[in-house]
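S.K.: Residue numbers (our numbering), protein chains in the order written: chain W, 1 to 220; chain D, 1 to 806.
These aren't lab readings, by the way, just hints derived from the structure by calculation. For glycine and all other residues, C-beta sits at the position ideal for the given N, C-alpha and C. Heads up, a few of these hints could be off.
A short, non-exhaustive set of chain W residues, derived as facing chain D with CB atoms under 10 angstroms [said to hold, decoys possible]:
no.	residue
1	15
2	17
3	42
4	45
5	49
6	185
7	187
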Amino acid sequence: MSVSFSFAGESLQPLACGALWWPGESTLFVADLHFEKASHYAAKGWLLPPHATADTVANLIAAVESTGAQRLVCLGDSFHDEAGPERLSDEARRALMTMTRSLDWWWITGNHDEDAAAVLGGRVMVEGRIGPLVLRHEADPADPTPELSGHFHPKLVIRHRGRHIARRCFAHSPTKLILPAYGAFTGGLDIADPALQAALAGPVTALVVDGERLLRFPVG
Amino acid sequence: MELPNIISSWFAARGWQVRAHQLAMLDAAAKGRHALLTAPTGAGKTLAGFLPTLADLATNPAEGLHTLYISPLKALAVDVQRNLITPIAEMGLNIRVETRTGDTPAARKARQKEVPPHILLTTPESLANLLSNPEAAAMMVGVKRVIIDEVHAFGTTKRGDHLMLCLARLQRLAPSLQRVGLSATIADPESWAGWLAPDADSTQVEIVVAQGGADPAIDILVIDDRIPWGGHNGRWAARAVMRRIESARLAIVFVNTRAVAELVFRDLWAENDQSLPIGIHHGSLAPEARRKVEAAMAAGKLRAIVATASLDLGLDWGDVDLVIQMGAPKGASRLLQRTGRANHRMDEASRCLIVPGNRFEYLEALAARDAVQAGELDPDGFRPGALDVLAQHVVGCAAAGPFFPDELYDEVKSAAPYAGVTRESFDAVLGYAATGGYALKAYERYQRLVTQPGGRLRLRSAALARQWRMNSGTIVEAVAMNVVFGSGKSSRHGRKLGQVEEYFAGQLRVGDSFMFAGQTLEVTGFDGADIHVRMGRGSPKVPVYAGGRMPMTTRLAARVRGLMNDRARWPAMPEDVREWLAIQDRVSRLPGEDDVLVETFQRDDRWYMVVYGFAGHPAHQTLGMLITQRMERAGLNPLGFVASDYAMACWSLEPVDDPRPLFDPTVLEDELAQWLAASPFLRRAFREVAIIGGLIERVQPGVHKSGKAMSVSSDLIYDVLRRHEPDHLLLTAAWTDARGKLTDIARLAALLEQAHAGLSHVRAAHVTPLAVPSLLTIGRERVGDSADSALLLEAEALIAEAMRVD
Chain W
1 MSVSFSFAGE
11 SLQPLACGAL
21 WWPGESTLFV
31 ADLHFEKASH
41 YAAKGWLLPP
51 HATADTVANL
61 IAAVESTGAQ
71 RLVCLGDSFH
81 DEAGPERLSD
91 EARRALMTMT
101 RSLDWWWITG
111 NHDEDAAAVL
121 GGRVMVEGRI
131 GPLVLRHEAD
141 PADPTPELSG
151 HFHPKLVIRH
161 RGRHIARRCF
171 AHSPTKLILP
181 AYGAFTGGLD
191 IADPALQAAL
201 AGPVTALVVD
211 GERLLRFPVG
Chain D
1 MELPNIISSW
11 FAARGWQVRA
21 HQLAMLDAAA
31 KGRHALLTAP
41 TGAGKTLAGF
51 LPTLADLATN
61 PAEGLHTLYI
71 SPLKALAVDV
81 QRNLITPIAE
91 MGLNIRVETR
101 TGDTPAARKA
111 RQKEVPPHIL
121 LTTPESLANL
131 LSNPEAAAMM
141 VGVKRVIIDE
151 VHAFGTTKRG
161 DHLMLCLARL
171 QRLAPSLQRV
181 GLSATIADPE
191 SWAGWLAPDA
201 DSTQVEIVVA
211 QGGADPAIDI
221 LVIDDRIPWG
231 GHNGRWAARA
241 VMRRIESARL
251 AIVFVNTRAV
261 AELVFRDLWA
271 ENDQSLPIGI
281 HHGSLAPEAR
291 RKVEAAMAAG
301 KLRAIVATAS
311 LDLGLDWGDV
321 DLVIQMGAPK
331 GASRLLQRTG
341 RANHRMDEAS
351 RCLIVPGNRF
361 EYLEALAARD
371 AVQAGELDPD
381 GFRPGALDVL
391 AQHVVGCAAA
401 GPFFPDELYD
411 EVKSAAPYAG
421 VTRESFDAVL
431 GYAATGGYAL
441 KAYERYQRLV
451 TQPGGRLRLR
461 SAALARQWRM
471 NSGTIVEAVA
481 MNVVFGSGKS
491 SRHGRKLGQV
501 EEYFAGQLRV
511 GDSFMFAGQT
521 LEVTGFDGAD
531 IHVRMGRGSP
541 KVPVYAGGRM
551 PMTTRLAARV
561 RGLMNDRARW
571 PAMPEDVREW
581 LAIQDRVSRL
591 PGEDDVLVET
601 FQRDDRWYMV
611 VYGFAGHPAH
621 QTLGMLITQR
631 MERAGLNPLG
641 FVASDYAMAC
651 WSLEPVDDPR
661 PLFDPTVLED
671 ELAQWLAASP
681 FLRRAFREVA
691 IIGGLIERVQ
701 PGVHKSGKAM
711 SVSSDLIYDV
721 LRRHEPDHLL
731 LTAAWTDARG
741 KLTDIARLAA
751 LLEQAHAGLS
761 HVRAAHVTPL
771 AVPSLLTIGR
781 ERVGDSADSA
791 LLLEAEALIA
801 EAMRVD
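Next comes chain W alone, as it looks inside the complex:
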């Protein structure tokens, strides 16, 4: 199990798989699952490997089992496009519907998927709130309320001795925490990118889970 850190007075644990675990609320957060991204491209003629959705679902199940989460919050862009749910394989659909029944499952709507995921069960909302935290898809720089969000797919890019190292990361500022993309087929945006910096509204730290350790990299 990973190391906790404090955010808005709450103790949160970033997990190596890219999820965020909040033991106090028994809640697991994930962002940007981008289910059925590959089939979205396949329909256009780019026959990408069809395994990503199954991989992502399997990771979700593993994270729920290892944490014992009672609630799961998807922070938007759960599907790559609105028609995504129709393209799910039977296995993936069954697995997701089993989870939405057995957990308190929230779908925050994103900019790719709107409320498409509703057909799978669970609650659909534009914004959520748990304790002191507001939950939304895309960070709102004008809102000073402590906030969890996704959307940007932050990654940390380090150049060291001519080597180029890129890892998914949690982007952290005093009032905001942006989760990495959880989907198996999602790229990332350099945490130093101005777009991310603007969204985070404050000094930024990249949090990278490396095995048992939580590494912190001040950015900028």
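Got chain W; can you put chain D on it based on the hints?
M.R.: Positioned in the frame of chain W, the structure of chain D alone reads:
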């Protein structure tokens, strides 16, 4: 064949004789045979290729496409148009010649399909796109000849695979099509005839060898009997090179990499007391910048141009009278091709000056000169056609119209690179093209190829055909970033100087300076795909990218060994080199003709092992990886290694007492598989096959991923495939490429066998003369300004120790 009057009188009017090889080409055409012409530069090669076309059209005027001419370069097609149209006009022939490349406007392309010219000048990529049109069959049915210029530029590449698949298609549309190959320098015309011929049947090809051409005059630059110990691009001689340029009309200075081009240009400029107009030309420069230099060159406004291989191919550069090769030429064929750029008159000798970078390179230069004089060129390594290219071709065929898999299989097999492709592989390619070829069946409803009643395969939609045309081709550029001069917000506002590879750009920070386009540039900022720069001062801080070097060829390596062992040749060598070899012989020994010399010695607290494999840089690089891995397992604590074309040197905390077990050839496959799978080589190769094979979209020029970066990267796909579909066609293709191109496994395997059979181990008392060039490169890439003097002292100590004979 009789030359029509109109043509023979054109020759006569110029006081020219039709040359023997030109007659032979006419003869081959009259007999309806394919032909391969090899001729020295200036021998009228292009005209010889076209003469049968002109003769036929002069005698039997007809509408419709008669001859296709295929060039590796867009610019060449433009150039030949000039050289072909002039004679046609002067002969008063009614023959229309047009070009078709990526730059041709869409309206003209459409018109060409309706009213084709008699002669169409094009590139393999444009030909493939043309053939993917449903109208192509009607346009091509009457084509009589296809002329492939500079065949040596195609043969052993994916472009060559692609081209031969297109020729197989053409031959099917126009069964009496005559194939004509034109080439400057090739070692083995017979095997090239096989490459060119339908069904790889070289007996169908008339081989015409143009005689004559004066022997090239190749000179090796030596100043005061001195050759440096280290370095490999001849920069030490900038001053002398500038003096030679001053005494020439027009010189081309060839270098081996783009990065070195920048450095050499700067060195020459520093010695350019007379401020002669000199230019620089390489593939990373923006097209406008390149065209400007080319135009200045053609107009006679330049006195010298520093260039990489982007100038290698047969453009007529006007009055070049001196070719200067900085650093070793790496191959005899390469040297001859480059020398051929000087003096396009067949009866005058081409002049070439080689500037060796170090003592090994002096021997290599001498070896290359010997080889050229002996007419011994480097054989080309033909290999089976790539499956990613075949996958692209199959979809292109479907874009032209439905096909029967059996018929297409026969057609594909008639292309020489694919003569050996099994039905099983072919079906796997079809399966991949249709549904992605996954063991997990998920894409039935998205198949790109659909089976029609009757068994023909067709493309699912016209949109897929358009998509294919946007993405076809086998040249995959590395992900590049624009170098933009000026403070504009994007490349549209600033002045674009050219491009650098993304991973080079990844090392740069704001404030860093680097060499580009002959200037020191300072990074002022990054914006999407743009690096903004301004003029920098002084020496660049960031070392330039040194990749893309060609390894020394096997034959040349054998000649270098020969020179070391042939003492009769020593007296003619500079004193520096003689002494270097003689002392090596005393304190250690010289590498034999076909053994593997391994030296071990202690220096400071480290143990060194130097392996003289003469197997080329990539093979030595892989050897270094392999040997240090094995040393690790043996508990010898290896610390690092360096590789050159001649040797691999590694160092460790514990001594290697017996090197033999480290060279065991048997476990090679397994160890390499492990290493390669984790290395960036395979990822880079995968990106290429994924684009060529049509799995992911080619990044279109001018379009760059926006801030969100939502596109699927080839790295992610690679990881998923390795996990779930380890036998996927594209992984196999990437693996094949990585092995061949990036790591030179064949030469490494040969080296290990050689070591197994004849390894000579010398325990030297101290560093040896031959080891010095390798040891001097250790840590080079990490050197900052302040470390320079420390390095200098270290070099001095190394040399003093090596030359000690007590």
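S.K.: Do the numbers back the hint for residue 187 of chain W, that is, is its least Cβ distance to chain D under 10 angstroms?
M.R.: Hint on residue 187 of chain W: holds, closest Cβ of chain D at ~5 angstroms, below 10 angstroms.
S.K.: Should the hint that residue 185 of chain W touches chain D count as held when the rule is a Cβ pair under 10 angstroms?
M.R.: holds, 6 angstroms
S.K.: Let me know if the C-beta of residue 45 of chain W comes in closer than 10 angstroms to any C-beta of chain D, holds or violated.
M.R.: Holds: closest Cβ of chain D sits about 5 angstroms from residue 45 of chain W, inside 10 angstroms.
S.K.: Let's test the interface hint: is any C-beta of chain D closer than 10 angstroms to that of residue 49 of chain W?
M.R.: holds, 5 angstroms
S.K.: Regarding the hint that residue 17 of chain W lies at the interface with chain D, is the smallest CB-CB distance below 10 angstroms?
M.R.: violated, 15 angstroms
S.K.: Hint validation: residue 15 of chain W versus chain D, beta carbon distance must be below 10 angstroms. Holds or violated?
M.R.: violated, 19 angstroms
S.K.: Per the CB criterion, is residue 42 of chain W less than 10 angstroms away from chain D?
M.R.: OK, holds: residue 42 of chain W within 10 angstroms of chain D, min 4 angstroms.
Taken one by one, the earlier hints fail for this structure at numbers 1 and 2, listed in ascending order.
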